[in-house]
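Start from the sequences and build out the full structure, keeping to the hints where you can.
Number of protein chains: 2
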Amino acid sequence: MPDTVNIPGEKLAALEEALKAAGLRLTHQRLEIYRELLAATDHPSAECLYQRLRRRIPTLSLDTVYRTLATLAAHGLINRVETLESQARFEATSGRHHHLICRKCGKIADFQWPDIDSAALPQEISEWGRIDLKNVVIHGICRTCLERREK
Amino acid sequence: MPDTVNIPGEKLAALEEALKAAGLRLTHQRLEIYRELLAATDHPSAECLYQRLRRRIPTLSLDTVYRTLATLAAHGLINRVETLESQARFEATSGRHHHLICRKCGKIADFQWPDIDSAALPQEISEWGRIDLKNVVIHGICRTCLERREK
DNA sequence: CTTGATGCAAATAGTTTGCAGGCTC
DNA sequence: GAGCCTGCAAACTATTTGCATCAAG
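Those sequence lines, one after another, are chains A and C. For the first sequence, this note's numbering begins at 1 and goes up steadily by one. For the second sequence, this note's numbering begins at 1 and goes up steadily by one.
Since the hints were derived computationally from the structure, they do not count as laboratory data. Computed from a predicted structure; not experimentally measured. Warning: the hint list may mix true and false statements.
Identical chains blur together in the list; that is why a pair holds if it fits in one copy or across any two.
To be verified - Computed list of lysine-lysine pairs in DSBU-like fashion (alpha-carbon distance at most 35 Å, straight line):
(1) K20 x K104
(2) K134 x K11
(3) K107 x K134
(4) K107 x K20
(5) K134 x K20
(6) K11 x K107
(7) K134 x K104
(8) K104 x K11
Okay, structure coming up:
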């Protein structure tokens with residue numbers, strides 16, 4: 001099993017470029033945090049990322065995870081995902097997608113819905129202001145939790 | 001100017017019924033907090049509701065606002081609105097609607113989008129589990145903030 | 001070398017909880 | 001009158017910040 005996550009080079013190049021453009025340094029921690037987020041599919045919280053990374057980088061501190069997540073989010077490399085929980089969750093920025101959230105176990109899954117992506121917004125919206133992002137959030141109970149409940 | 005907010009009786013009846021069904025009491029505080037939320041259009045935070053209600057009920061405590069919001073939310077009378085901010089925001093449960101969030105001032109507006117409400121979800125979703133709620137969240141910058149920025 | 005980034009520890013913000021007295025049913 | 005609800009204060013959780021040190025460019 002590899003000790004570090006291996007990730008498409010283009011994404012890492014984007015990280016390096018975005019950081020450089022903002023006059024920020026490409027540090028070991030930033031690289032690893034971003035890598036971990038690229039590899040993760042479960043929209044981890046800061047705390048959760050910290051636990052995973054600690055195995056590889058024992059000296060890493062939770063503060064740095066928070067600071068790095070804020071930095072990366074500010075530069076559009078990652079997204080803060082809005083949930084109803086108190087803990088913030090994160091994902092690496094990637095193609096257009098939407099979220100399924102289980103209200104029981106809190107798991108977040110992605111799904112595609114091209115029909116919505118291309119659908120025209122209601123007329124009234126254009127008067128509200130400038131639209132940056134259109135996202136569908138679906139709440140429900142995932143299959144695993146449903147089956148657990150039946151027992 | 002009226003000292004208390006006046007609200008359609010049906011909503012209040014729903015509150016009374018829902019509380020009674022759960023074996024909970026209809027207290028002055030719960031009534032007023034729910035009334036305030038029914039009247040509000042700006043999805044206020046707990047702190048914000050507290051400030052508004054204090055004028056009418058000087059003895060009200062912030063803790064009670066939090067506790068009451070949790071109670072009402074647990075019984076489906078109000079919704080916690082998910083935002084990217086750290087503060088939770090609330091709205092009285094009402095007809096199907098979606099949210100516009102200004103990333104500058106944090107204002108949340110409602111809008112209708114019947115096409116989405118009636119649109120069929122992608123096939124894959126049904127395999128995920130049970131769907132309770134389908135919500136569109138739009139992020140952008142509201143007109144007021146756009147104009148302020150131009151100056 | 002220089003300056004921004006990190007780790008540590010302490011501070012904050014928002015929210016929750018334990019307890020004693022008050023109010024609804 | 002009995003027990004849930006409230007207000008008060010203190011506890012908690014997630015996140016942020018000040019400062020001395022470290023490392024990337």
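Each hint, compared with the structure:
Proximity of K20 to K104 under the C-alpha cut-off of 35 Å is restricted to the inter-copy arrangement: shortest distance 26 Å between copies versus 41 Å within a copy. For the homomeric pair K134 and K11, the shortest alpha-carbon distances inside one copy (23 Å) and between copies (31 Å) are both at most 35 Å. For a Cα distance limit of 35 Å, the shortest separation of K107 from K134 qualifies both inside one copy, at 21 Å, and across copies, at 16 Å. For a Cα distance limit of 35 Å, the shortest separation of K107 from K20 qualifies both inside one copy, at 34 Å, and across copies, at 33 Å.
Taking CA atoms no more than 35 Å apart as the test, K134 paired with K20 passes inside one copy only; the shortest distance there is 29 Å, against 39 Å between copies. Taking the shortest Cα distances, K11 and K107 sit within 35 Å of each other both inside one copy (25 Å) and across copies (33 Å). Proximity of K134 to K104 under the C-alpha cut-off of 35 Å is found in both arrangements, the shortest distances being 25 Å within a copy and 16 Å between copies. Within a single copy, K104 and K11 get their C-alpha atoms as close as 33 Å, and across copies as close as 28 Å, so both meet the 35 Å cut-off.
Checked against the numbered hints listed earlier, the structure breaks none of them; every hint is satisfied.
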